[in-house]
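> Residue numbers (the numbering used here), protein chains in the order written: chain U, 538 to 911; chain B, 3 to 309.
Treat the hints loosely; a few may be bogus.
Claimed, not checked - Straight-line C-alpha distance at most 25 Å; calculated DSS-like pairs for lysine-lysine:
{"id": "1", "chain 1": "B", "residue 1": "Lys255", "chain 2": "U", "residue 2": "Lys695"}
{"id": "2", "chain 1": "B", "residue 1": "Lys299", "chain 2": "U", "residue 2": "Lys695"}
{"id": "3", "chain 1": "B", "residue 1": "Lys299", "chain 2": "B", "residue 2": "Lys198"}
{"id": "4", "chain 1": "U", "residue 1": "Lys639", "chain 2": "U", "residue 2": "Lys626"}
{"id": "5", "chain 1": "U", "residue 1": "Lys626", "chain 2": "U", "residue 2": "Lys746"}
Worth flagging that the hints you see were computed from the coordinates, not collected in a lab.
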Amino acid sequence: MTPSPLAPEPGTREPDAPRDTDNAAREASSIELLGLHKRFGKDTVALDGVDLTIRAGEFFTLLGPSGCGKTTLLRILAGLEEPDSGSLKIGGLDITDTPPHKRSVNTVFQSYALFPHLSVRDNLAFGLRMLGLPAAEREARVARIAEFIQLNDLVDRKVDQLSGGQRQRIALARALVCEPDVLLLDEPLSALDAGLRSQLQVELLRVQKRLGMTFVFVTHDQQEAMVMSDRIAVLDSGNIQQVGPPREVYERPVNAFVARFMGHDNLFPITRRAEGGWLTTELGDLRCDGEGAGDLLLIRPETLDLLPGEQPGENRLLATVGERLYRGSHAEYRLDIGQTSLQATVNNRGRHLPEVGERITVTVAADDLVTLGK
Amino acid sequence: MAYSGVRPTTRSRAMVSETRHLLFTVAPGAVWIVIFLVLPSAYLMSVAFMSTGIYGLPELPLSLESFRRLAGFGFLGWSPGNIYTLLRSLWQTLVSTALVMVVAYPIAYYITTCRERWRPIMLLLVVVPSWTNQVIRTFGWMNLLAPGTPLANLAELVGFIPPNMGLYPSNFAVTLGLVYNFLPFMVLPLYAAFEKLDTAQVQAAQDLYASPVRAFWHAVFPQTLPGLLAGTVLVAIPAFGMYVIPELLGGGKGMMLGNLVANQFAGSANWPLGAAGAILMLIATFIGLFAMRRIGKRLGGGEEVVI
Numbered sequence: 538m539t540p541s542p543l544a545p546e547p548g549t550r551e552p553d554a555p556r557d558t559d560n561a562a563r564e565a566s567s568i569e570l571l572g573l574h575k576r577f578g579k580d581t582v583a584l585d586g587v588d589l590t591i592r593a594g595e596f597f598t599l600l601g602p603s604g605c606g607k608t609t610l611l612r613i614l615a616g617l618e619e620p621d622s623g624s625l626k627i628g629g630l631d632i633t634d635t636p637p638h639k640r641s642v643n644t645v646f647q648s649y650a651l652f653p654h655l656s657v658r659d660n661l662a663f664g665l666r667m668l669g670l671p672a673a674e675r676e677a678r679v680a681r682i683a684e685f686i687q688l689n690d691l692v693d694r695k696v697d698q699l700s701g702g703q704r705q706r707i708a709l710a711r712a713l714v715c716e717p718d719v720l721l722l723d724e725p726l727s728a729l730d731a732g733l734r735s736q737l738q739v740e741l742l743r744v745q746k747r748l749g750m751t752f753v754f755v756t757h758d759q760q761e762a763m764v765m766s767d768r769i770a771v772l773d774s775g776n777i778q779q780v781g782p783p784r785e786v787y788e789r790p791v792n793a794f795v796a797r798f799m800g801h802d803n804l805f806p807i808t809r810r811a812e813g814g815w816l817t818t819e820l821g822d823l824r825c826d827g828e829g830a831g832d833l834l835l836i837r838p839e840t841l842d843l844l845p846g847e848q849p850g851e852n853r854l855l856a857t858v859g860e861r862l863y864r865g866s867h868a869e870y871r872l873d874i875g876q877t878s879l880q881a882t883v884n885n886r887g888r889h890l891p892e893v894g895e896r897i898t899v900t901v902a903a904d905d906l907v908t909l910g911k
Numbered sequence: 003m004a005y006s007g008v009r010p011t012t013r014s015r016a017m018v019s020e021t022r023h024l025l026f027t028v029a030p031g032a033v034w035i036v037i038f039l040v041l042p043s044a045y046l047m048s049v050a051f052m053s054t055g056i057y058g059l060p061e062l063p064l065s066l067e068s069f070r071r072l073a074g075f076g077f078l079g080w081s082p083g084n085i086y087t088l089l090r091s092l093w094q095t096l097v098s099t100a101l102v103m104v105v106a107y108p109i110a111y112y113i114t115t116c117r118e119r120w121r122p123i124m125l126l127l128v129v130v131p132s133w134t135n136q137v138i139r140t141f142g143w144m145n146l147l148a149p150g151t152p153l154a155n156l157a158e159l160v161g162f163i164p165p166n167m168g169l170y171p172s173n174f175a176v177t178l179g180l181v182y183n184f185l186p187f188m189v190l191p192l193y194a195a196f197e198k199l200d201t202a203q204v205q206a207a208q209d210l211y212a213s214p215v216r217a218f219w220h221a222v223f224p225q226t227l228p229g230l231l232a233g234t235v236l237v238a239i240p241a242f243g244m245y246v247i248p249e250l251l252g253g254g255k256g257m258m259l260g261n262l263v264a265n266q267f268a269g270s271a272n273w274p275l276g277a278a279g280a281i282l283m284l285i286a287t288f289i290g291l292f293a294m295r296r297i298g299k300r301l302g303g304g305e306e307v308v309i
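So here's chain U without its partners, still in its complex pose (with noise of 0.2 Å):
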């Protein structure tokens, strides 16, 4: 990979980054909210009570499908949306009756909403113009955040000379330049195609461990959101389904909406129970380690081995391939047993890739099994 625009040379001061060393700044950017309510209309219920505490300095992800309400949360955050009850504080400062305009909080906009009539250098300006910066300081800070996103040659165009990629990282150094607490980035990488997408990913992840900002990030994409977070909200109408890291929210889903949102079809209805883990379900018996309360099993693919011709034993499974998508690296499976059928990832490590017809076993770690509610 290229080395990226906004990574810093060894050796030089960062420029826009003086909350970084500085503890008493960053515990001004921890977030607390409390019991938010939010509604559109009669029937349209945004928010149903949400609870959540972000960490000073921390990536953290709103993660939900469209409608969900994670837009409206980042909208509370930034002042643009009032909520109809519930508190907001940043830093431990009730601001939850604050206007925008005097919020410490600056926001990437989907569109990136970045103004037309004006230069890139003024867009930059905006923010410090509008807190009364002097001129000279002002172009100093423009000047530096324009050499950090690396587009110091293009502060004299319009907004429209630019490309999608550039206009991006205007939008985040227009936020970035006003140094505020806390940054909200409403699905910034949305409008971008997937290669410059994944480049952007790397570089807004830097961007934020090398300023230490708290940033909140709100997406759809649940690889992007694992690949960035230091922790994922994942909502669905109006409520927090679970909050935690990446790999807790993935390999330890709380429901079968979070499990099939982070992309897990393999959830099986357990029939019955037995002594020593033991866990029936439509495709047999499975022993499941760990404390296995739920009510649905979930099987991640890429778990599952496949071993060549019928070897029944322990969490051993009789299957017949259905399906085989060869992907390079790896090979994604349907294997039928029985009357239902189980998705499988193996990866190619130059071995046998059971054909379609194959009859196969499937092994599966009792450790690796999860139980999970509705």
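Here the structure of chain U is known, so what remains is to put chain B in place on it, guided by the hints.
Quick look at chain B alone, frame taken from chain U:
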């Protein structure tokens, strides 16, 4: 080599067909412009430089007499009447254009805040009055502003006018008529400007520490300037040459340049003087347009924003 004889033929054929295309596409428009714009203008110009004949018709020899008359020099020495008319035209144009802006701006904004399906109806409400003949609408205002009408009585009551004067004929009535008449021409371009504006930009401005008032001045107003300038051109130029409204609502003291010109072709019958007046109007209009272009360019950061 085999194609060497063919190539020039196809090329010349292509040229012929290109010429024919031009003939069919551009020529009708050009003919139209020559017949209905160039020829009459040339005739008007030439009339202005002729002497006045017995029934006020243009005659040879060529003369600058009309321009002298226009500047105020008559048989009885110099009088400022025509200069006043010119100044009154400029003043009325300035005042009514400014008022149209002030009235149209909130209307255009309000329409963009309406639900999408209501907007065409709202715009229609603004435009529909101009489908009625201007003369009829102006007569309507005469009826509303005449002495003894409720509006006139109210104006009397608050001491705006002396008793039994009525609000018309007066310069006030002319201004009112102009504002009323040209409102749609300002609302429509402003509406277009507002509709293009992304509301997220207003939120971005507020997010970047701009109070609502400053968000308007720094993020909204500059983006509506092209609409405002376009509207100004659409309102100011026809208002400057307006004939019907000052004729009906202005009375003798409310005359504008358009009336002066018209009178020379009708009652007073002095075609060369009328033509000279028309040329003065043209020149003033071009100066105005040129100024608007300059302003537009400066505000648009070097880009054309007007015409």
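> Compare the structure with each hint and give your call.
Hints, verified against the model:
A hinted pair counts as satisfied when its Cα atoms are at most 25 Å apart, and lysine 255 of chain B with lysine 695 of chain U does not qualify at roughly 51 Å. A C-alpha spacing of about 15 Å is found between lysine 299 of chain B and lysine 695 of chain U, which places the hinted pair at or below 25 Å, so the restraint holds. A distance of roughly 20 Å separates the Cα atoms of lysine 299 of chain B and lysine 198 of chain B; the hinted pair therefore holds under the 25 Å criterion. For the given pair, lysine 639 of chain U sits about 14 Å from lysine 626 of chain U by alpha-carbon distance, which is consistent with the 25 Å threshold.
Note on lysine 626 of chain U and lysine 746 of chain U: the hinted pairing holds, with a Cα-Cα distance of about 23 Å set against a maximum of 25 Å.
When each numbered hint is compared with the structure, a violation occurs for hint 1 only.
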